[in-house]
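Going down the list, the sequences are from chains A and B.
In terms of the numbering used here, the first sequence opens at residue 43 and continues consecutively.
In terms of the numbering used here, the second sequence opens at residue 1072 and continues consecutively.
I should point out that these hints are in silico values taken from the structure, not numbers from a laboratory.
Note that the coordinates shown come from a computational prediction; the quantities given were computed from them, not determined experimentally.
Just so you know, even glycine gets a beta-carbon here, dropped at the ideal spot from N, CA and C.
Treat the hints loosely; a few may be bogus.
Unchecked claim - Away from chain B, derived, C-beta distances all over 10 angstroms, residues of chain A:
no.	residue
1	E46
2	F52
3	G59
4	A66
5	I72
6	A81
7	A88
8	T89
9	V101
10	L103
11	S109
What the hints assert, rightly or not - Here are a few chain A residues that sit away from chain B, every Cβ distance over 12 angstroms (derived from the structure):
no.	residue
12	N44
13	S70
14	A75
15	A77
16	T99
17	I111
18	G114
Said to hold, decoys possible - Residues on chain B that point at chain A, a partial pick, calculated with CB under 10 angstroms:
no.	residue
19	I1081
20	Y1083
21	T1085
22	L1089
23	L1097
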Amino acid sequence: MNLEKVLTAFAAALAIGLPALATAWAQSKIGAAGAGTLAEKPELSATIIVLVAIPETMVILGFVVASMILFGV
Amino acid sequence: MEFLQEINDIGYPTEYLLARIHGRRLSLLGDWDRVLSGPDIEENPASSNLREFMTAGAPAGIWESHQKEPAWIYHQMNSRLRNVFQPYFMHLELNTLLTCLRYKTGKGNSTEIERLLYFSLLSKAIKDVLKTDTDVPSVINILGKKVSFIRDHCAGLELVFLKDGFMGAEQEITNALFKYILNADTHPLIKRFFVSIADARNIITLHKHLRWDTTSSPFFIEGGNIRKSILSKILQSYNAEALATLVYKHTGLHIEGTDAARVENALQRRLTGRIKKWEREFADIGLILNYLWRCAMEAKNLSIIYHGREIDRGILKEELVY
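Only chain A is shown next, with the shape it has when bound in the complex (with noise of 0.2 angstroms):
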C-alpha cells in the first residue's frame, strides 16, 4: 500500500518535473533569442511574448497529468 503511494508520487513528480526542466531550458533560449530580436526590432514584442509563452504549455500539461495521477482521474 505505502509503496504504490510512493510509486504513484514518484511518478507525479516525475511527470510535472521533467516538463518542467525542458521548459525552462527552451525558455532560456527563446528568452535569451527574444531579448536579441527585441534589441534589434522593438516592434516585435507580441511576437516573442508568444514564442516565449509557448514552452509553458509543456509545464502545463505535464501539471495536468501529474493531478491526473495523484488524484487517480
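Place chain B on chain A using the hints.
Leaving out everything else, chain B in the frame of chain A:
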C-alpha cells in the same frame, strides 16, 4: 602585455547575440547591382548600417564603422565566443597596429593615430605605446619583447627591422600571428578561415612577383594548404602556367593578363562563397564569422564605390566582392 583588450564582463548568451546579428545583417547591403544601377551611387548606401558614416566627403567614416561593428560584437560576446573569435579579432587589430606603425614611419600626424585607435580592440598598454612613443624602433622593440605571440614566434624583431626596414618587420609580425593562430587550439572553422586567408595572400604575393618580376624575395605565410615549396618552385621556374592552374583551382579565374587586384578580388569572392557554406555547417560560429566578413566586405565595397564614383559602373562592379 596582452594584445587585445581584456573584458571582464561575462557578456550575453549566444542566442541573444545570434538574434541581434540576424536582425543587424538585414541592414547590410546585399544587392550591389541595385546600388550600382541607382541614379546617384552615393545615395544608395544610405540604407545600410553605415548610413551614419556614409556622408559626403567622409570615406574615413566607412573604415571607422568597419572597426566599430566588430568592436560592438566583441563586447557583446560571452567568454566562450570571445575565445573562439580571438584569432579573428587579433588579425583585425593587427591591421590597425600596422597602419599606426606606418603612420609613425611616415611621421603621420598623431590625430590620425588617435582616430584609428578610438574604436580599436587593442589593449590599453599597446594603445599607450602607440600614442606616446614616437620612435618606431622603440615601439618595435617593445612589441617584440612584450607581446606574447610575437615574442614566441618571431625572435629578433628589432634586428629584422634594422636590416629589412618596416616591411620586413611587418611580414615577420604577420607570419608570427599566423603561426600562433594555426598552431593554437583554434576552433576548426576559424582555422579553416585562416588557412584560406594564408593561401590567398600567398597566391597574391606569388602573382605579383611573377607579373612584375620583382627582385626582392617573396614572403610566404606559413600554414596555408598550398605548401611553400610549391610556391617557391613556381617562382624559381617563372612558371606562369603553373600559377594560372593554381589560381584557377582556388578561384575558378583564368588569370592570363589579369592584374593582382582582380586575383585578390576573385580570391575574396571565393572565400565569401565558402564562408556562406560554412555557416550551414557551423550554425552559431558560422553565422558570426559570416556577419563579420560581410561587414568587412561591405566597408571595402563602399570604399571602392566612393572612390570610383566617376568610373564606368561595369568596371566598378567587377571590383566589388559579394
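How the hints compare with the structure:
1. For E46 (chain A), the requirement that its beta carbon stay farther than 10 angstroms from each beta carbon of chain B is met, with the minimum near 44 angstroms.
2. Non-interface status of F52 (chain A) relative to chain B is upheld: no Cβ of that chain comes within 10 angstroms, the nearest being about 33 angstroms off.
3. Every beta carbon of chain B lies more than 10 angstroms from that of G59 (chain A), the smallest distance being close to 24 angstroms; the non-interface claim holds.
4. Every CB of chain B lies more than 10 angstroms from the CB of A66 (chain A), the least distance being 14 angstroms, so the non-interface label holds.
5. Residue placement check: I72 (chain A) does not keep its beta carbon more than 10 angstroms from all beta carbons of chain B (closest about 8 angstroms).
6. Separation of A81 (chain A) from chain B is inadequate, the least Cβ-Cβ distance of about 6 angstroms not exceeding the 10 angstroms criterion.
7. At roughly 16 angstroms, the least C-beta separation between A88 (chain A) and chain B is larger than 10 angstroms, which holds for a residue marked as non-interface.
8. Against chain B, the non-interface label of T89 (chain A) holds: every CB pair exceeds 10 angstroms, the least being about 12 angstroms.
9. With a minimum CB-CB distance of about 20 angstroms to chain B, V101 (chain A) clears the 10 angstroms threshold, and the non-interface call stands.
10. No beta-carbon of chain B comes within 10 angstroms of the beta-carbon of L103 (chain A); the shortest separation is about 24 angstroms.
11. Every Cβ of chain B is farther than 10 angstroms from the Cβ of S109 (chain A); the closest lies at roughly 33 angstroms, confirming the non-interface assignment.
12. Distance check on N44 (chain A): its Cβ is at least 45 angstroms (rounded) from any Cβ of chain B, clearing the 12 angstroms threshold; non-interface status holds.
13. Listed as a non-interface residue, S70 (chain A) fails to keep its Cβ farther than 12 angstroms from every Cβ of chain B; the least gap is roughly 8 angstroms.
14. A cut-off of 12 angstroms between C-beta atoms contradicts the statement that A75 (chain A) is not in contact with chain B; the least separation is 4 angstroms.
15. Its beta-carbon lying about 6 angstroms from the closest one in chain B, A77 (chain A) breaks the requirement of being farther than 12 angstroms from that chain.
16. Every CB of chain B is more than 12 angstroms from the CB of T99 (chain A) (nearest about 20 angstroms), matching its label as outside the interface.
17. Every C-beta of chain B lies more than 12 angstroms from that of I111 (chain A), the closest at about 34 angstroms, which supports listing it as non-interface.
18. Chain B leaves G114 (chain A) outside its interface by the beta-carbon criterion, the shortest separation being 41 angstroms against a cut-off of 12 angstroms.
19. Given the 10 angstroms rule on beta carbons, the hint for I1081 (chain B) is violated: about 13 angstroms separates it from the nearest Cβ of chain A.
20. Because the smallest distance between the Cβ of Y1083 (chain B) and any Cβ of chain A comes to about 7 angstroms, under 10 angstroms, the interface hint for this residue holds.
21. At about 8 angstroms, the closest approach between the beta carbon of T1085 (chain B) and any beta carbon in chain A falls short of 10 angstroms, and the interface hint on this residue holds.
22. The criterion of a C-beta within 10 angstroms of any C-beta in chain A is met by L1089 (chain B), whose closest approach is roughly 7 angstroms, and the hint holds.
23. For L1097 (chain B), the suggested interface contact is upheld, since its CB lies about 9 angstroms from the closest CB of chain A, less than 10 angstroms.
Checked against the numbered hints listed earlier, the structure breaks hints 5, 6, 13, 14, 15, 19; every other hint is satisfied.
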